[in-house]
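S.K.: Chain L is fixed; fit chain V onto it per the hints.
There are 2 protein chains.
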Amino acid sequence: MHKEILEEIGEKELINRLGKFMPKNQVSDDCALIKTKNDNLLVNTDSLVENVHFIDTNICPQDLGWKAVVSNISDLLSSGSKKTIGITISLILPARTEWIWIEELYKGINKALKEYGGMILGGDCSKGDEKIISITALGIQGELELRRNACKPGDIILTTGIHGLSKLGFMIQNNINLDNNVSLNRELITKSIQHFCRPKVYPNFLKNLLKTRSNKKLRKIGCTDSSDGLFQAVQDLTLASNCKAIMNYEKIPKDKYWPQGDKWDEYYFFGGEDYELVFSLPKKWANNLTKLDKNIYEIGYFVNGEPSIEFKDKNKNQLLQNTPFKHF
Amino acid sequence: MHKEILEEIGEKELINRLGKFMPKNQVSDDCALIKTKNDNLLVNTDSLVENVHFIDTNICPQDLGWKAVVSNISDLLSSGSKKTIGITISLILPARTEWIWIEELYKGINKALKEYGGMILGGDCSKGDEKIISITALGIQGELELRRNACKPGDIILTTGIHGLSKLGFMIQNNINLDNNVSLNRELITKSIQHFCRPKVYPNFLKNLLKTRSNKKLRKIGCTDSSDGLFQAVQDLTLASNCKAIMNYEKIPKDKYWPQGDKWDEYYFFGGEDYELVFSLPKKWANNLTKLDKNIYEIGYFVNGEPSIEFKDKNKNQLLQNTPFKHF
Numbered sequence: 001m002h003k004e005i006l007e008e009i010g011e012k013e014l015i016n017r018l019g020k021f022m023p024k025n026q027v028s029d030d031c032a033l034i035k036t037k038n039d040n041l042l043v044n045t046d047s048l049v050e051n052v053h054f055i056d057t058n059i060c061p062q063d064l065g066w067k068a069v070v071s072n073i074s075d076l077l078s079s080g081s082k083k084t085i086g087i088t089i090s091l092i093l094p095a096r097t098e099w100i101w102i103e104e105l106y107k108g109i110n111k112a113l114k115e116y117g118g119m120i121l122g123g124d125c126s127k128g129d130e131k132i133i134s135i136t137a138l139g140i141q142g143e144l145e146l147r148r149n150a151c152k153p154g155d156i157i158l159t160t161g162i163h164g165l166s167k168l169g170f171m172i173q174n175n176i177n178l179d180n181n182v183s184l185n186r187e188l189i190t191k192s193i194q195h196f197c198r199p200k201v202y203p204n205f206l207k208n209l210l211k212t213r214s215n216k217k218l219r220k221i222g223c224t225d226s227s228d229g230l231f232q233a234v235q236d237l238t239l240a241s242n243c244k245a246i247m248n249y250e251k252i253p254k255d256k257y258w259p260q261g262d263k264w265d266e267y268y269f270f271g272g273e274d275y276e277l278v279f280s281l282p283k284k285w286a287n288n289l290t291k292l293d294k295n296i297y298e299i300g301y302f303v304n305g306e307p308s309i310e311f312k313d314k315n316k317n318q319l320l321q322n323t324p325f326k327h328f
Numbered sequence: 001m002h003k004e005i006l007e008e009i010g011e012k013e014l015i016n017r018l019g020k021f022m023p024k025n026q027v028s029d030d031c032a033l034i035k036t037k038n039d040n041l042l043v044n045t046d047s048l049v050e051n052v053h054f055i056d057t058n059i060c061p062q063d064l065g066w067k068a069v070v071s072n073i074s075d076l077l078s079s080g081s082k083k084t085i086g087i088t089i090s091l092i093l094p095a096r097t098e099w100i101w102i103e104e105l106y107k108g109i110n111k112a113l114k115e116y117g118g119m120i121l122g123g124d125c126s127k128g129d130e131k132i133i134s135i136t137a138l139g140i141q142g143e144l145e146l147r148r149n150a151c152k153p154g155d156i157i158l159t160t161g162i163h164g165l166s167k168l169g170f171m172i173q174n175n176i177n178l179d180n181n182v183s184l185n186r187e188l189i190t191k192s193i194q195h196f197c198r199p200k201v202y203p204n205f206l207k208n209l210l211k212t213r214s215n216k217k218l219r220k221i222g223c224t225d226s227s228d229g230l231f232q233a234v235q236d237l238t239l240a241s242n243c244k245a246i247m248n249y250e251k252i253p254k255d256k257y258w259p260q261g262d263k264w265d266e267y268y269f270f271g272g273e274d275y276e277l278v279f280s281l282p283k284k285w286a287n288n289l290t291k292l293d294k295n296i297y298e299i300g301y302f303v304n305g306e307p308s309i310e311f312k313d314k315n316k317n318q319l320l321q322n323t324p325f326k327h328f
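Heads up: the sequence lines are chains L and V, in that order. Read in order, the letters of the first sequence are residues 1 to 328 in this note's numbering. Read in order, the letters of the second sequence are residues 1 to 328 in this note's numbering.
Isolated chain L (complex conformation) (with noise of 0.2 Å):
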């Protein structure tokens, strides 16, 4: 049994066993080759750190490994990602971690690359006081240029699903008070920690905006993730874009077991981590997208003015006033 396995057998080691998960050939040299036609790539680099982004008793590894691919696939599929080539992994470990916690990590990453294309390419391991997992993923960019500064007035803001329900998840399995005066509905527990702890991506999204699109001209639409919230993705969007967002709360979806009420609101815009797509299209190309895929929602659309974010209704403007996103 190989407990406390950096103390025991060094990094040199460690790497070496780590090959298990990976293809041949890509672990015994320098470097990973990646063949290339002409494609533009698509690079992205993130990292889970332990007490920051993740509490390692309430999230098990495996959830961890999944959760950090799918963090990088969702920033990928969101500047349009047509097929994640692979990944790199960085990863620290105290000298005391447990062979068990890293095997569970990987089969954990394996599995979302297994889920949604790419291999492991390569990486590093170091020891450190905390836990890092820094992935850095690399996509061939499809036909369509999804970026944040390619938000036009007029557009419309749309998103592909819920938010808040990984905040929810997050708070579930960490014991965080809740709201007394509420008593949660099952389905909408077992759902948000289902969120937090596996992610998904929306694996349709390219494949409908291009089936749907009336002009093959148009080639760039503004997008971002909401790793950080959703009001956070709307913000970076009016600020690459240079443009006003006015956002229509009745026509946010939510779930329909969540609760009413000011925290609830700030829950469901400051949450983070639900890895859903804010985007903005034309009108018509909207109405042909929400249309065809149910899941997607308008919230609202762009005008012209300085970057900011209002709601059509007044009154929910001083849910603008809540502290921005900060991981759990």
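Hints are not guaranteed to be accurate.
No distinction is drawn between identical chains; accordingly, a pair holds when it is met within one copy or between any pair of copies.
[As the list claims (entries may be wrong)] Below are the BS3-like pairs computed for lysine-lysine, each with C-alpha atoms no more than 25 Å apart in a straight line:
1) Lys254 - Lys191
2) Lys216 - Lys35
3) Lys217 - Lys37
4) Lys217 - Lys35
5) Lys83 - Lys37
6) Lys294 - Lys211
7) Lys216 - Lys152
8) Lys37 - Lys220
If you're looking for bench data, these hints aren't it; they were derived computationally from the structure.
M.R.: Same frame as chain L, now just chain V:
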């Protein structure tokens, strides 16, 4: 004045500020875009962890930034990268980190990129207990494929320079007790500190390899870098190529002021972080290259046999009993 930067402004604002060190349009999006033209790409990830790879008080942030880039470029070069495309940076910083430290780090990063090519493609910044700089570098595979597994029995083992200097520089910078019976030459001290703080890679390496190739069909040669020490490099080559290395102690290039003795041999062979290339060539090619390039040295040869290292002078084999390289 911005002290304790993460405490004061948070991660999001820090990433915005880091924008000034990066090319425009790469910062404000989820991914960076890389254009390729039927190239094969090389990708490599390497991390520097505080108190494992560096001690904050003993290396200035500008040197650290330089070193973080060079260690990655060295890996690219040792796989035959003809051009560095760029790097992504995952930065973990304690909340109390001062802004000046971060600025200096990025100055060092950009100096190294200016020297060796490549740009900052993107990155990520998080709070953590200790400083960690994790870099993923992307390069373009050149005509010669340099691989750990391409050494052949009969090949000559060569290296691009002198080893041990970085280790000595580290010991001087960290006030570690050196051999009391030895008084170090001033020139050696300066050179060693330079090697430790600002390691270089060997820019003409690929050009001279191509110039001296006798047979255009030869496209794959055995190579790695000595980032983990000369012994570890040779061992990695023997393991990946499944052959035995015979090293010639007499031929190993030492600094003219390098002291004699077992301790100094240990620093030389196990020191690490010299970023010299260790590679193998057929005899004729090796002869052509060492005639053209006086900074390249023959240090042994490969023979058939179990992966292992032996000295030609059997008396020197006791050196191999020493503990393998561990990062400073």
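S.K.: Does each hint hold? Answer for all of them.
M.R.: Hints and how they fare:
1. In the homo-oligomer, the alpha carbons of Lys254 and Lys191 lie at most 25 Å apart inside one protomer (13 Å), although the nearest pairing across protomers, at 65 Å, exceeds that limit.
2. In this homomeric assembly, Lys216 and Lys35 come within 25 Å of each other (Cα to Cα) only across copies, at 22 Å, whereas the closest approach inside a single copy is 29 Å.
3. Proximity of Lys217 to Lys37 under the C-alpha cut-off of 25 Å is found in both arrangements, the shortest distances being 23 Å within a copy and 24 Å between copies.
4. In this assembly of identical chains, Lys217 and Lys35 lie within 25 Å of each other by CA distance solely across copies; the values are 21 Å between and 29 Å within a copy.
5. Taking the shortest alpha-carbon separations for Lys83 and Lys37, both the intra-copy value of 13 Å and the inter-copy value of 17 Å come in at or below 25 Å.
6. For the identical chains of this complex, Lys294 and Lys211 are intra-copy neighbours only, at 14 Å inside a copy versus 62 Å across copies, given an alpha-carbon limit of 25 Å.
7. For the identical chains of this complex, Lys216 and Lys152 are intra-copy neighbours only, at 18 Å inside a copy versus 55 Å across copies, given an alpha-carbon limit of 25 Å.
8. Proximity of Lys37 and Lys220 under a CA criterion of 25 Å is satisfied in both settings, with 22 Å inside one chain copy and 22 Å between copies.
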